[in-house]
Structures are given as C-alpha cells and as structure tokens.
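Number of protein chains: 2
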Amino acid sequence: MSEDKSTEISETFIELAQNELKVETIDKEVEQYKIRKMQSVYTERDTLIEKIPSFWKIVLSQHLDFANYIRASDFKYIDAIEKITVKYDAEIEKIGSFSITFHFNEIKDDLVSQVVTKSFKLTKEAPSTKNKDDKSDVDDLEPEEILISESCAIQWPKEYNSINPDMITDKKSPEGKKNYRQGMKSFFGWFKWTGLKPGKEFPHGDSLATLFSEDLYPYCVKYYTEAQRDFADEASYSEDSSEEGIDLSEGEDNEDEPAKKKLHA
Amino acid sequence: MSEDKSTEISETFIELAQNELKVETIDKEVEQYKIRKMQSVYTERDTLIEKIPSFWKIVLSQHLDFANYIRASDFKYIDAIEKITVKYDAEIEKIGSFSITFHFNEIKDDLVSQVVTKSFKLTKEAPSTKNKDDKSDVDDLEPEEILISESCAIQWPKEYNSINPDMITDKKSPEGKKNYRQGMKSFFGWFKWTGLKPGKEFPHGDSLATLFSEDLYPYCVKYYTEAQRDFADEASYSEDSSEEGIDLSEGEDNEDEPAKKKLHA
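So the protein lines, in turn, are chains A and B. Convert by adding 2 to the 1-based position in the first sequence; the result is the number in our numbering. Convert by adding 2 to the 1-based position in the second sequence; the result is the number in our numbering.
None of these hints come from the bench; they were simulated from the model. Each hint should be verified, as a subset may be incorrect.
No distinction is drawn between identical chains; accordingly, a pair holds when it is met within one copy or between any pair of copies.
[As the list claims (entries may be wrong)] Straight-line alpha carbon distances no greater than 20 Å define the calculated EDC-like cross-link-like pairs of lysine to aspartate or glutamate that follow: (1) Lys-7 - Asp-48; (2) Lys-39 - Glu-95; (3) Lys-224 - Glu-17; (4) Lys-53 - Glu-13; (5) Lys-89 - Asp-29; (6) Lys-85 - Glu-22; (7) Lys-173 - Glu-203; (8) Lys-39 - Glu-93; (9) Lys-224 - Glu-26; (10) Lys-39 - Asp-29; (11) Lys-30 - Glu-95; (12) Lys-30 - Glu-216.
Chain A extracted, bound-state conformation (with noise of 0.2 Å):
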C-alpha cells in the first residue's frame, strides 16, 4: 500500500471514530425518547397486570432463557414474586442505566414478604482492566461499557440458612467455601452481584439484569400471552389426539413464535 493511501485510511478511521460517536449519541437521545415516552404506558400497565393472578410467575416460567441463570430450587420463590418493575433512568448521561423492583410473597415459616429494588449503573469500564498493549488503530471507536451494581439487602429464605453467606460461620473451609459458591448462585446471591468482582459472584449477573430490563419487562404481556396459548394448544391437543389425522403444523406455528418475535422486537 502507498504512503498516501494509507494516510487517507488512516484518517478516514478518525472520521468513523468521530461518526460512530454520532451515532452513540443519537442512540442515547432514541433511548431517552422512548423511556419518556413510554413510562406513563407502563405505570399504567403495572396497575393492571397486579389484578391478573400468577402474572408473573406465568411469565417466568414461560420465559425460556430465565431457568438457565438460577438454580432449580430457586422456582419456589420465583413463584413467591407477586410484582416486577423497572424504572429506566432518563437523563442523558445516565441512559442504560435501571432499577428493578421486586415483590415478595410471604412463603409461611421460609420467606417474609418483602420488597426490594437493585440499582444498576451503566458504566465505562475502568483503565486498569484495559488490555494496555493493544496499540490497534481502532481500538479507541469502541470504548467498553459495563454494568455495575452495588450489593443489596435482601432477607433470605430460611431454608437457604446452609448457603446464605450472613450465615456460613467458617467461609475458609471446605464445606464453608462450597456452600458459599453455592449461594452466590442462587436467586438470592444475584442481589450481592456488583459486577466489580468476576468468578466470586453471581455468574453473568449483569445478562440477568438486561433480561429484566430489555426482555422480561417490556415484552410481559407478549410471554403471558403465549403462554396462554400454549396452554390453550395442549388443552386442544389432548383432545384431538383421540381423532386419526392431527394436523402437526399449527404446532409447529407456535414454536416458530418467539423467534420471530424476538427478530421483530
């Protein structure tokens, strides 16, 4: 390549640089134009859905995704949650950044009711955990954005007493650490997760916390709905299945749905 040459490419690299700051901009004033726009049809929403019973123990059951981040004993008292919201900070300089609040059914002689809200800040990404000897020409159009959280106070349920880290008296022996670990995976442990401490805390807590606030909370109505429907099919299905001749492919309609949604969400 010429000199000339790769000082054009060199300098059109600024220009996107400079252009893809443009459009980082523009998406945070979309971002901000949308949660304005959207938060009185939300809190409108959020009436509503508290009159429809088991909504959102509906919707986290149908939720494929979710299951995978907690364990399976956690489901008890995913059922235990009566009411989810998230409120998505508007200011410009804080756009990504979101609280979800979540109440507690009482499970009698496990779980108090209670209400709790963790706080999530999105960030960029400390200096010291850049890779210092990436000299790469673009490697400064993308500087890293992170999601941070700070531990939050939350009563768990007694049964968890073996694994609740406010309990577990000899963290350093081996009995202690396992049952450590083994907390800090439960539902309960994603409330600790802070996202300043990678392998020691909740895994993937900042991915649980986007399905909240990207995923579970604004399409709700669309999971309970299909659901719904799911149940609907195999209500109808078991009682087709005593005719010859069942038609497969409304079924397989069904399962093609949350792909496409998700693809036109």
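Given chain A's structure and the hints, the job is docking chain B onto it.
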C-alpha cells in the same frame, strides 16, 4: 373463581390489550424518530466505509451467524460485495419496511458487476393463515406481523449455471428438482425470496433480511473493529506463544464481546 372476579379479569385483559396497542404505537414512533435522526449519519458513514478496502468482506466473515444462512460456495461471491446500504422507511405506516442494496464487483468470467436492491415490507399476516379455532381470550392482543418481499432480478454467477432456476430446463426430473432446491438455498436464491411460499423458498429469508437491517448494517463498524482486534490478538498470540506462561484471560474476554455487545445493543 367467583363470577365478579372473572368479569373483572376479562375487563383487565381488554384494558391490557389497549395498553399493548399504546406500547406498539410508541414503538413505531420511537423507530421513526430513530430513522430520521440516523439518516444523515448513516449516509456519511456509507461514504467513509467506501474508502476502506474489503470492509464488507471483513464484516461478513466476522459475523458468526451470517455463515449459517448461506452455502460455503457462496462466500466467493459474498467477498465480491463492495458496498451494502440499508434504507429504512420512515413513514409511520411503513415502519419496519426497508430495502437493502448490494454492490457486486465483477469476477472475471463468472459474475458481472451489478447493483441490486431488494425491498422488504412488514405486513399483517393474511387472515386465512390464522388459526380460526383459536378462541383464546387474549389472542387478539397480538396480530402477527410478517416480512414479505418480491422476487428481484439478479444476474447469477456462471459457475452456478447448473443450479440457476432460470437455466434448469427440466424442473420436474429428480436431478432438476435437486438442483432447483440447491439454487434456492444459495445466496442468489435469497433474492427470489417472497415469504409467501414457505418450504419452497430460501430458508429463513426473513431472518437473513433482518440480520442485515437490524444487525450487520447498524453495527458494521463494531464488527469490523472486532475483526481487526482478532487479527491483532492472533498476531500477538503467535509472538507470545514462544514464551511460557501465557495469560489466556485476554483471549477469553474477547470471546465474550459479541454476546455483551448484543445485550447493550
């Protein structure tokens, strides 16, 4: 459940359906706001990208999912794509519709240089394809929208003569059928995709279209940057590997990136 309670829930479902319509309207307004704001920045970016050699070749080979849509033999022609642009319809009734323009370079004795535009329209699914037996209360919450297109003229490469549907003389022979199907599954077959003949067209033609409109085009600079980093990492890895005690954590971090990016997108 008491009758009063059941009536109240039915009313709630109706209100929830109305609320969902408000959400959909806002989604369209947000999309319109974004398209209008982004237009000039994307146009500027298109001009900059043209100056970077092999930009689209690098982007398309970097994207992990793109290769799943096409035949391995298509890559030769994918590499001949010099420029890709996407135009998004900004009219509120047409939100979700878009057109993709491909600029192909000539491949001597095989492919002509050509500019091809394929348009996609988001439309409500024809009522005939809906499940008429479905009397579920909540069904009307979600009218299904699908992407359709028209078969669009493109010159196929000479090397594809045997699978080019316009050149297969006997489409009813087993050989002819087999070749026809192979052609339909090629990248060039995608240009014939309409979305109206499921099973007989390019598979998942709508997903490939949205891959371009929602992922590859909007995030092309990010994919290009990622590819450049991977090249740099590979180079530094070959250097490092002569020494003992390589820190693999950097490599792992980089592998995490595409997933992280999608979450914040």
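So, going through the hints one by one against the coordinates:
Proximity of Lys-7 and Asp-48 under a CA criterion of 20 Å is satisfied inter-copy only: 19 Å between copies versus 58 Å inside one chain copy. For the identical chains of this complex, Lys-39 and Glu-95 are neighbours both inside a copy (18 Å) and across copies (19 Å), given an alpha-carbon limit of 20 Å. For a Cα distance limit of 20 Å, the shortest separation of Lys-224 from Glu-17 across copies, 15 Å, qualifies, whereas the shortest one inside one copy, 42 Å, does not. Proximity of Lys-53 and Glu-13 under a CA criterion of 20 Å is satisfied inter-copy only: 10 Å between copies versus 59 Å inside one chain copy.
For a Cα distance limit of 20 Å, the shortest separation of Lys-89 from Asp-29 qualifies both inside one copy, at 19 Å, and across copies, at 17 Å. Proximity of Lys-85 and Glu-22 under a CA criterion of 20 Å is satisfied inter-copy only: 18 Å between copies versus 39 Å inside one chain copy. Taking the shortest alpha-carbon separations for Lys-173 and Glu-203, only the intra-copy value of 15 Å comes in at or below 20 Å, while the best inter-copy value is 60 Å. In this assembly of identical chains, the alpha carbons of Lys-39 and Glu-93 lie at most 20 Å apart whether taken from the same copy (14 Å) or from different copies (19 Å).
Taking CA atoms no more than 20 Å apart as the test, Lys-224 paired with Glu-26 passes between copies only; the shortest distance there is 12 Å, against 29 Å inside one copy. Proximity of Lys-39 and Asp-29 under a CA criterion of 20 Å is satisfied in both settings, with 15 Å inside one chain copy and 9 Å between copies. Taking identical chains as interchangeable, the C-alpha atoms of Lys-30 and Glu-95 lie at most 20 Å apart only when both belong to the same chain, with a minimum of 9 Å there against 24 Å between chains. For a Cα distance limit of 20 Å, the shortest separation of Lys-30 from Glu-216 qualifies both inside one copy, at 15 Å, and across copies, at 17 Å.
Violated hints: none; the structure is consistent with every hint.
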